[in-house]
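Chemist: Model the full structure from these sequences, guided by the hints.
Quick note, the sequences are listed as chains F and H, same order. Numbering-wise (the working numbering), the first sequence opens with residue 1 and increments by one. Numbering-wise (the working numbering), the second sequence opens with residue 1 and increments by one.
No lab work stands behind these hints: they were computed from the structure. Every value quoted in this text rests on a predicted model; they were computed, and no experiment measured them. Here a beta-carbon is modelled for each residue, glycine too, at the ideal position from N, C-alpha and C. One should not assume that every hint holds.
[Claimed, not checked] A partial selection of chain H residues facing chain F, derived with a Cβ cut-off under 8 Å: (1) I20; (2) Y73; (3) A77; (4) F92.
[As the list claims (entries may be wrong)] Result set (BS3-like, lysine-lysine): computed pairs, CA atoms no more than 27 Å apart in a straight line: (5) F/K17 / F/K65; (6) F/K88 / F/K65; (7) F/K133 / H/K59; (8) F/K60 / F/K88; (9) F/K128 / H/K114; (10) F/K171 / H/K23; (11) F/K150 / H/K75; (12) F/K178 / H/K11; (13) F/K65 / F/K27; (14) F/K171 / H/K11; (15) F/K27 / F/K17; (16) H/K75 / H/K59; (17) F/K172 / H/K11; (18) F/K88 / F/K133; (19) H/K59 / F/K88; (20) F/K56 / H/K58; (21) H/K59 / F/K17; (22) F/K88 / H/K58; (23) F/K150 / H/K23; (24) F/K17 / H/K58.
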Amino acid sequence: MSSDQELIIQFQQSIDKEAVFTQLMRKHQQKVYYQIKRMVLEHADADDIAQLVWIKVWNKLDGFKMESEFTTWLFRIAYNETLNYLQKQKKQGGRLSKDDLFIYETASASSDEPKTTEIQIALDSAIKQLPEKQRIVFMLRYFDSCEYEKIASMMGTTVGGAKANFHQAVKKIERFVKKL
Amino acid sequence: MKMQTEQDLLKQDQQWVESIIEKDHLNRFNSTKTDAPINYFESFPERLMAQIQMEENKKVNLSLLKMFFLQPYGKIAIAAAFILIIAGTYLFSTANKAKTETVSIQEISIEEMKNYVNNNEAIAELDFDYIIKKENASLEKLEEKELKEIQKAIIQ
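Modeler: Next comes the structure, spelled out in structure tokens:
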């Protein structure tokens, strides 16, 4: 498979744009989708946002100067689109969907620990309750093992700001879970 | 003092989180948030390209429209259409007015019509009197046109 740079150059030279773009999409679509879904938590929302992200990439790829890595630029767009989407939706967070509850209840049906479902629900609620930026930093840092520099670059903030967001997020989760 | 590497810092952060919540719970949370419907990723590029094609077509239509209206003949077309609309509105409203006047005349009673005719006869007679008095009652002084009119009135 061609590197991102090669594909972008082909795209910018209008060499079979659609095929090249599809190749680029297949390479990164899963990561983009998972990043978005961790922020919005619902598949339908993640799908909508993912489409917006890739349409924006299609429109702006001709002007991409490759000063940064393609993935950093791509995830930056994903982050901004998700933030815009969430702000429009004005979600307060905290409430679990019926699907989430069903998943947890089914998963822990055979568990010997009676508190497993409670902890999962508490964790889910705790993360949902976090402000968007803290939630994103927490997810990227813990689950994706992202470096602070990359997180800062994606979110348009400083390394210090990213670290502070992570710190705050963990403290809030701790307070929430300790209430159990 | 040993400088902490990025890897060390990452490990520290992850261990801190795991001290609050067990790794199993965290992994289970992550798995529920990172699953996607079956065949979602297989069909996504096709759906996306179809949408992009639609957006591109919209852009082309819009730019064609813009091109047309920015050209001289486009501007003339707009002006002509504008004039036609105004002219059409004017003609339509005038036609309606005329129709109304015709209808209102038809609604005039016979008495009113008689009065009108009589009044007009009187006015016509006054005209002849005026002419005769003006010319000092001399038939010779009257013009041929005026004589003919007097003749007509007498015959009638």
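Chemist: Each hint should be assessed against the structure and marked as holding or not.
Modeler: Hints, verified against the model:
1. A cut of 8 Å between beta carbons decides the hint on H/I20: the least distance to chain F is about 5 Å, and the hint holds.
2. A hinted interface residue such as H/Y73 counts as satisfied when its beta carbon comes closer than 8 Å to some beta carbon of chain F; here the least separation is about 31 Å, so the hint is violated.
3. At its closest, the beta carbon of H/A77 sits 31 Å from a beta carbon of chain F; the interface hint therefore is violated under the 8 Å criterion.
4. At its closest, the beta carbon of H/F92 sits 47 Å from a beta carbon of chain F; the interface hint therefore is violated under the 8 Å criterion.
5. Simply put, F/K17 and F/K65 have alpha-carbon atoms about 17 Å apart, close enough for the 27 Å limit, and the pair holds.
6. For a cut-off of 27 Å, the pair hint linking F/K88 to F/K65 is broken: about 30 Å separates their Cα positions.
7. The suggested pairing of F/K133 with H/K59 is violated, with an alpha-carbon distance near 35 Å, which exceeds 27 Å.
8. Restraint check: the Cα-Cα separation between F/K60 and F/K88 comes to about 23 Å, which is no more than 27 Å; the hinted pair holds.
9. The suggested pairing of F/K128 with H/K114 is violated, with an alpha-carbon distance near 94 Å, which exceeds 27 Å.
10. Our distance criterion of 27 Å between C-alpha atoms is met by F/K171 and H/K23, whose separation comes to about 17 Å.
11. Between the alpha carbons of F/K150 and H/K75 the distance comes to roughly 53 Å, so the proposed pair goes past 27 Å and is violated.
12. Annotation: proposed proximity of F/K178 to H/K11 holds, straight-line Cα distance about 23 Å (limit 27 Å).
13. At roughly 20 Å between alpha-carbon atoms, F/K65 and F/K27 fall within 27 Å of each other, so this suggested pair holds.
14. Under the criterion of a C-alpha separation no larger than 27 Å, the hint pairing F/K171 with H/K11 is consistent with the structure, at around 17 Å.
15. The hinted pair formed by F/K27 and F/K17 meets the criterion: a straight-line CA distance of about 15 Å does not exceed 27 Å.
16. The hinted pair formed by H/K75 and H/K59 meets the criterion: a straight-line CA distance of about 21 Å does not exceed 27 Å.
17. Between F/K172 and H/K11 the alpha-carbon distance is near 20 Å, which keeps this suggested pair within the 27 Å criterion.
18. Between F/K88 and F/K133, the direct Cα distance comes to roughly 15 Å. Compliance with the 27 Å bound is thereby established for this hinted pair.
19. Pair hint H/K59 plus F/K88 holds up; C-alpha atoms about 26 Å apart against a cutoff of 27 Å.
20. Between F/K56 and H/K58 the CA atoms are separated by roughly 16 Å; this keeps the pair inside 27 Å, and the hint holds.
21. Of the supplied pair hints, the one linking H/K59 and F/K17 holds, its CA atoms being roughly 17 Å apart against a limit of 27 Å.
22. Restraint check for F/K88 and H/K58: satisfied, since their Cα atoms lie roughly 25 Å apart, inside the 27 Å limit.
23. Proposed proximity of F/K150 and H/K23 is supported: the alpha carbons are some 24 Å apart, at most 27 Å.
24. For the suggested pair F/K17 and H/K58, the alpha carbons sit about 18 Å apart, so the restraint of at most 27 Å is met.
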